[in-house]
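Asks: As you go down the protein sequences, you meet chains A and B in turn.
FYI, the numbering for the first sequence is 1 to 337, going by the numbering used here.
FYI, the numbering for the second sequence is 1 to 337, going by the numbering used here.
Please keep in mind that the hints were generated in silico from the structure rather than gathered at the bench.
Be aware that one or more of the hints could be misleading.
One copy or two, either will do: identical chains are not told apart, so a pair holds if it fits within one copy or between any two.
Stated by the list, open to error - Below, in silico cross-link-like pairs of lysine to any residue (SDA-like), each with a Cα-Cα straight-line distance of 25 Å or less:
| hint | residue 1 | residue 2 |
| --- | --- | --- |
| 1 | LYS204 | THR261 |
| 2 | LYS149 | GLN287 |
| 3 | LYS116 | ALA214 |
| 4 | LYS213 | SER65 |
| 5 | LYS204 | PRO217 |
| 6 | LYS213 | ASP257 |
| 7 | LYS213 | PRO258 |
| 8 | LYS116 | ASP283 |
| 9 | LYS213 | ALA60 |
There are 2 protein chains.
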Amino acid sequence: MSISDTVNHQVILSSRPVGIPQAEHFELSEAPIPEPKDGEFLVRNKFLSVDPAMRGWTNAAKNYSEPVAIGDVMRAITAGEVIASKHPDYAEGDLVVGTLGWQEYGIGNGSEIRFKVPKMDVPLSAFLGILGSNGITAYFGLLTHGEPKAGETVVVSTAAGAVGSAVGQIAKIKGCRTVGLTGSDDKVEFCKSEFGYDEAINYKTADLDAALKAACPDGVDVYFDNTSGSITDTVYNNLAIGARCVVCGTASISVWDPLPTGPRVERTLLVKRARIQGLYVFDFEDQWGAAQKDLCQWFEEGKLNYREDILDGLEHAPGSIQRLYDGENQGKLLIEI
Amino acid sequence: MSISDTVNHQVILSSRPVGIPQAEHFELSEAPIPEPKDGEFLVRNKFLSVDPAMRGWTNAAKNYSEPVAIGDVMRAITAGEVIASKHPDYAEGDLVVGTLGWQEYGIGNGSEIRFKVPKMDVPLSAFLGILGSNGITAYFGLLTHGEPKAGETVVVSTAAGAVGSAVGQIAKIKGCRTVGLTGSDDKVEFCKSEFGYDEAINYKTADLDAALKAACPDGVDVYFDNTSGSITDTVYNNLAIGARCVVCGTASISVWDPLPTGPRVERTLLVKRARIQGLYVFDFEDQWGAAQKDLCQWFEEGKLNYREDILDGLEHAPGSIQRLYDGENQGKLLIEI
């Protein structure tokens with residue numbers, strides 16, 4: 001798909017999925033490029049983000065946000081450049097990260113902008129991942145809910161993913177031992193070589209319980225959970241006294257209505273004096289700036305590596321959410337347009 | 001059973017139960033009354049406590065404490081009087097609460113004493129309940145883990161029980177709305193009349209989900225959980241954003257090995273940004289004195305009511321643990337000897 005100067009190419013939600021959205025639930029569409037009114041500005045999106053939260057946005061079940069309406073442009077986090085402005089705070093040339101959706105051009109009024117990209121010699125795409133919502137999610141989930149102390153053992157599921165890899169690295173910065181759970185030997189390797197995990201386990205081929213006992217002889221102090229399901233059940237079987245478990249995502253379970261069953265957690269929490277806490281990064285929105293400042297500093301110090309999996313062209317958007325769940329993508333999944 | 005001056009009547013654990021201990025798992029026994037050595041003292045027990053924790057103490061499964069060995073005196077919290085002492089800190093006439101077991105006479109060296117009973121015009125038995133471990137458990141579970149704020153809605157399971165009734169009353173002292181869950185219309189009535197609950201629900205006869213929605217129109221901010229099981233699942237279906245759930249006990253489930261299954265909690269915790277945390281009151285042991293001071297003050301101000309269910313004589317001990325689970329006892333269960 002080529003960039004058009006007159007047409008705004010878009011991806012709309014055409015039917016409501018149950019579970020993980022597939023390509024068939026979306027349609028490519030066209031609209032005129034909108035004109036900013038007073039108090040608005042026009043953004044040319046450069047990168048579109050693909051995130052697990054989009055599953056929730058497409059489903060009708062209760063969640064953080066209103067579902068995307070059928071026929072609407074798919075909600076998505078975007079990074080782009082202001083190319084026309086009638087807003088006093090946004091100037092042509094400003095780079096912005098916001099929620100402008102799966103489309104080439106979006107109109108903003110400021111409310112949908114998450115942040116202006118700071119002037120740094122860093123690729124714009126990093127602000128959709130390690131220096132954007134993924135890094136910020138990792139930051140608050142680990143530091144505020146997980147409360148890691150130096151010397152403790154932090155276990156991360158989807159350890160090589162966009163959030164997980166940031167969690168593992170921030171935990172190392174805080175002096176923890178890190179153990180990553182991931183789904184291939186290749187990912188095990190780069191968990192250790194690129195993201196600094198002390199240990200990494202391929203949960204698909206290992207005896208996970210035995211491997212966790214070997215990797216965490218004193219138990220798991222902090223568990224950053226991106227998966228739920230049997231991986232999580234096995235980690236819960238290995239918690240240390242006083243463990244803190246952070247629920248950030250539930251990637252291993254595709255349908256939550258009705259609630260799936262699993263081992264009850266109450267006795268484990270009681271015996272281990274442990275806690276499980278759900279994370280919603282927007283609850284920390286007023287502190288994002290401070291978090292991003294730390295992340296940018298660590299990034300410049302070379303302490304935060306990241307991987308990207310960039311699809312070229314808007315036509316790849318419809319099938320991209322599924323890609324988050326099939327274990328194939330290696331790093332932050334983005335669409336460049 | 002009469003008090004003997006030469007014989008120490010005891011209850012020993014004679015076989016290992018699976019699940020809730022029954023009378024058949026214990027035997028009455030006799031031993032000589034022990035003599036205190038240097039650094040020791042002899043206590044004549046007056047009241048023996050019957051607590052849900054005793055289930056864990058009798059079972060072989062992993063728990064907080066070492067299991068009681070077969071043939072040993074059953075571990076129990078006791079209140080009694082020092083009647084002979086070769087210990088500088090304990091004098092004849094001191095009243096003490098400790099873990100001296102299901103027996104008439106116990107030897108202490110200080111390590112098994114939880115506290116000396118303060119000089120107050122209060123029945124000794126209250127220091128095994130509302131002013132002892134039950135009140136202290138309620139205090140830390142509610143205030144430290146539950147973090148209730150004035151105006152919030154606090155839901156308590158086993159609301160009329162020794163811990164639950166204290167939780168409800170402390171929550172009222174802190175300005176919360178309180179909703180009690182209990183198992184009979186009689187208990188519903190005295191939850192409201194004696195323990196000040198704003199609402200009380202008989203979970204055995206009500207449609208609990210509908211009743212909770214009616215009693216908690218803005219959702220449940222704090223859930224103090226003494227039951228686990230389907231009551232807990234239904235409360236989790238009614239959590240408010242940011243809810244704090246405290247796991248104090250699991251009375252509705254008798255066997256935890258293997259772990260029973262229930263609805264998975266991860267998605268609920270994520271969507272509600274809620275947490276579940278297990279409570280072990282001994283983690284706060286260094287702060288018990290301060291808690292007891294608050295409890296005694298509230299008690300003297302008439303803000304803490306309590307009920308006792310006192311069985312007369314050591315021969316009632318073996319069958320007493322079961323009584324905690326059959327819904328019959330109304331208030332703190334004790335054996336007076």
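Asks: Evaluate each hint against the coordinates.
Replies: Hint-by-hint comparison with the structure:
no. : hint              : verdict
1   : LYS204 <-> THR261 : both (21 Å within a copy, 23 Å between copies)
2   : LYS149 <-> GLN287 : both (21 Å within a copy, 23 Å between copies)
3   : LYS116 <-> ALA214 : neither (45 Å within a copy, 45 Å between copies)
4   : LYS213 <-> SER65  : between (38 Å within a copy, 22 Å between copies)
5   : LYS204 <-> PRO217 : within (21 Å within a copy, 44 Å between copies)
6   : LYS213 <-> ASP257 : between (33 Å within a copy, 19 Å between copies)
7   : LYS213 <-> PRO258 : between (33 Å within a copy, 19 Å between copies)
8   : LYS116 <-> ASP283 : within (19 Å within a copy, 46 Å between copies)
9   : LYS213 <-> ALA60  : between (40 Å within a copy, 21 Å between copies)
The structure fails hint 3 only (numbered hints given earlier).
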